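Residue numbers (this note's numbering), protein chains in the order written: chain A, 463 to 786; chain B, 3 to 287.
Any given hint could be a false lead.
[Said to hold, decoys possible] Cβ-Cβ distance ranges computed for the label pairs, FRET-style:
hint	chain 1	residue 1	chain 2	residue 2	range
1	A	Asn657	B	Trp52	51 to 61 angstroms
2	B	Tyr139	A	Gly542	29 to 39 angstroms
3	A	Val612	B	Asp60	38 to 48 angstroms
[As the list claims (entries may be wrong)] Result set (SDA-like, lysine to any residue): computed pairs, CA atoms no more than 20 angstroms apart in a straight line:
hint	chain 1	residue 1	chain 2	residue 2
4	A	Lys471	A	Glu695
5	A	Lys572	B	Gly219
6	A	Lys771	A	Ile781
7	A	Lys639	A	Lys613
8	A	Lys572	A	Glu654
9	A	Lys693	B	Gly219
10	A	Lys572	B	Thr91
11	A	Lys693	B	Thr261
If you're looking for bench data, these hints aren't it; they were derived computationally from the structure.
Just so it is clear, the structure is predicted and the values come from calculations on it, not from any experiment.
For glycine and all other residues, C-beta sits at the position ideal for the given N, C-alpha and C.
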Amino acid sequence: MAQRGATTKKLILGILIIAGIAIPFFSGNFIIRFFTNTLMFAVLASAWNIIGGYTGYASFGNVVFLGIGAYVSAVLMEKGGVPFWLAFPASGFGAAIFAVLIGLPVLRLKGHYFAIATLGVAEAMKALVDNLEITEGNSGIYLPMMNLSVKAQYIFFYFMMMGVLTLTLVVTYIMLKKKLGYGLIAIREDEEAANSLGVNATLFKVTSFALSGFFSGLAGSLYAFQQGFIKPESVFDVGVTVKMIVMAVFGGIGSLLGPLLGALSIEVISEILTNYFLVAHTLFFGAIVILAIVFTPKGIMDIISGRKKFGINYLLQNIRDHRV
Amino acid sequence: MLLQIIVNGILKGGLYALMALGMSLIWGVMDIINIAHGAFIMLGAYCTYWLFNLWGVDPFISLFLSIIFMFIIGYGIQRYLINLVIRATIFITLILAFGIEIFINNLALVMWTADVRKVQVPYGASNFSIGCVTIPYVRLGAFFIALVIALVFYFVLNKTRTGRSIRATAQDLDAARLVGVDVAKTYALTFGMGVGAAGAAGTLWAVLFPINPMMGGILTLKSFVVVIIGGLGTMFGPIIGGLTLGVAEALGSNWFGTTYENFISFTILVLVLIFLPKGILGKSE
């Protein structure tokens, strides 16, 4: 059975890679844009998975890294005249440094308290950027235009976002094979036991948070450059945090490809809903989130890994496990 | 001038306390962070708005209807939805609550549009003065109602059989079940009480401020701040937290400008979490 799971995974990965490379050459701007957006959410969900899934710290403020990445690029490029190729990595490192500074005190909190603290950090940053002069406050900030044809721009951002996603997944994969990955999972399962076995929990947790911040920051930089204009409400939106967590959970927390699959399926579902129900699509989205959480709390990866037979019984068993 | 600002802060703090009361109860008993709390406040506000606009029911009377209505909704949601996943990891209940919030907010948006609405009571502007401090009657009324509801909560939790089973369930689920507490029902009652308090907060909010279907998000966040500042596990935590936040916001907006109001609340939140993780009144474990 495990063998079948591994084959299914390889097959899905292969299809995703081929489709991912082929899409921009066979489709119009709208589709490319849609998939660029999906890739961005895949990056965010995968980055969240590092701190939320593997380390077990439910960050409810990961959007703050997207926002910081976006604003570092915007301010550097617009106010400092820095070229994109420098602003782009600077955004990642800016977000990572912020993650270290915030993580040192905040990662001492556990469970709900950590969740609320990160949420508070994100909201406080939104309010701060809203008021600062260098970020042009709540009127938003423009970024320089790109010197490329429209189609070329779409393809450029598509492949850049895909590059960031690949980097995120590869780094996560390597991390899982190293001491860091084992340490993080040990922390998730039992932090005190991990500590007593010589895992430097603080260092590991902060590293994990910084990695999560780094990739989200890179995504933020690309998002800002493609949009050409950003506002605090859009890049520090709590809704984005919710979306990335829902994607990670829907795909499968603590699995490498789960968040990617989650992002893909949630984005496709919301796009279809938006097409059919112009006003009420978010209503249906809420309903889907509720149903998915109740019936498949372990995510798609749990189903396709083939360890358990999928059917009505599988769905009901999930409820039996967790109800009172 | 300073005194007036502090009084304003205290009066608003009473409302914050009421908002947080329900969230604190649900959090303390079931370990659920009810992210949909603001959405329930919004429903309570609309309940009052429609009763007032369609039949002219005074908000201070529709308060009771709003509490009962929201209690029933809360009871049902816990009994038939949240109870299904309550023993899963914390992500699951958090995201379920998010799903409920998205659903309720957008249902309200579809039914009632995004228009900003107001409950215009004839006595809305009347006030009285003590020395140099002006106090609007409506705000004072809202403040006292918040305190009365907190007292009712305290009484129910500490002096009744239901309250005993709620406290028992909060302390130890399995032990409570062993001595014959119907846990599923107790959870539903607790959630119903919390959401009922949110409904009351919504009614009072509708009297004081304009309402719209998306007003809940920021109120949920403020309720967090209040719960955290006050500390979990005591009925007086939300009151202390609410008053602290109300006064801090009023003073902060005065010194730094109103646009910094949210920055101040969330900075307080993070600082309290880091330095006083159990809150001002929180019991240590």
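Hints, verified against the model:
1. A/Asn657 / B/Trp52: 51 to 61 angstroms: Holds - the Cβ-Cβ distance for asparagine 657 of chain A and tryptophan 52 of chain B, about 55 angstroms, lies within 51 to 61 angstroms.
2. B/Tyr139 / A/Gly542: 29 to 39 angstroms: About 55 angstroms separates the Cβ atoms of tyrosine 139 of chain B and glycine 542 of chain A, which means 29 to 39 angstroms is violated.
3. A/Val612 / B/Asp60: 38 to 48 angstroms: violated, 59 angstroms
4. A/Lys471 / A/Glu695: violated, 38 angstroms
5. A/Lys572 / B/Gly219: violated, 23 angstroms
6. A/Lys771 / A/Ile781: holds, 16 angstroms
7. A/Lys639 / A/Lys613: violated, 39 angstroms
8. A/Lys572 / A/Glu654: holds, 12 angstroms
9. A/Lys693 / B/Gly219: Distance ~18 angstroms between lysine 693 of chain A and glycine 219 of chain B Cα, so the pair holds.
10. A/Lys572 / B/Thr91: holds, 13 angstroms
11. A/Lys693 / B/Thr261: holds, 15 angstroms
Checked against the numbered hints above, the structure breaks hints 2, 3, 4, 5 and 7 and satisfies the rest.
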